[in-house]
Amino acid sequence: MDATDDPLRVEVLFFALAHELAGTPRTTLELRRPATVGDVDAALRARYAWLGARLATYRIALDEEFVGADAVVGHGAVLAIIPPVSGG
Amino acid sequence: MRHIVLEPIDARALIARVAGPDAGAVLTFAGTVRDRHHGREVVGIDYHGYEPMAERELERLEREITARWPGLRAAISHRLGHLELGELSVLIAVASPHRPDGFDALRHAIEELKRRVPIWKRELYADGASAWLEGS
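The listed protein sequences derive, respectively, from chains B and C. Under the numbering used here, the first residue of the first sequence is numbered 6, with each subsequent residue one higher. Under the numbering used here, the first residue of the second sequence is numbered 18, with each subsequent residue one higher.
It should be emphasised that the hints constitute simulated quantities derived from the structure, not laboratory data. Virtual Cβ for every residue (Gly too), placed ideally from N, Cα, C. You can take every hint at face value.
Pair by pair, the computed Cβ-Cβ distance ranges are:
1. B:Val83 - C:Pro25: 27 to 37 Å
2. C:Val43 - B:Arg50: 43 to 53 Å
3. C:Tyr142 - B:Phe71: 28 to 38 Å
4. C:Arg77 - B:Gly81: 15 to 25 Å
5. B:His80 - C:Asp39: 45 to 55 Å
6. C:Arg116 - B:Gly79: 42 to 52 Å
7. B:Pro12 - C:Gly103: 45 to 55 Å
8. B:Pro12 - C:Ala28: 42 to 52 Å
9. B:Gly81 - C:Gly103: 37 to 47 Å
10. C:Arg124 - B:Asp11: 46 to 56 Å
11. B:Asp11 - C:Thr45: 48 to 58 Å
Here's a subset of chain C near chain B, in silico, CB distances under 7 Å, partners left out:
12. Pro69
13. Met70
14. Arg73
15. Val107
16. Leu130
17. Lys131
18. Val134
19. Pro135
20. Trp149
21. Leu150
22. Glu151
23. Ser153
With the rest of the complex left out, here is chain B:
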């Protein structure tokens, strides 16, 4: 188990237009414990100005599952910023 004062690090993946706008496919965030997806959302908005207007239509996946803002994020979690999908 992690000590409570260790930084909580998560990985964030960007796809499609979000990848292009971020200029990178992935980044790492450090969060205060306990952390939720809503905290990840806030940290991303603070770091990336372009994301603010878009996050309303983007979804966030936690460990490959769509989740809501209240989902708890643990150390080492992988989050993905999912723009509106356009497969098919």
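Given the coordinates of chain B, work out where chain C should sit on it, guided by the hints.
For chain C alone, coordinates are given in the frame of chain B:
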């Protein structure tokens, strides 16, 4: 069975996965690369995906269809990478004892795929430009 492929989709193999003597109908939906979008001339599409999650979502979608329409089998294959005009991007095969359930399930599968499976198109235009599509 992988649902995400990087090579051309093998339609015969996908149909063989669902066909059987208990099915009176096998229905397929194929998505193909079109030459125009919103008035612009399209010369190809790059498909990108969040591959492990797309795999899980497609697997889950197949299971949901079987649960909602008992006795029916579904198989879905989506290609990623660069596709030329007319190539198959997605193929869905549904085997059903009866035709009406098959059509309903097929429609459900493509609509759900387009709503939630993390795959994106980057359209390549005749003038050399390209653009990511968000939503469909």
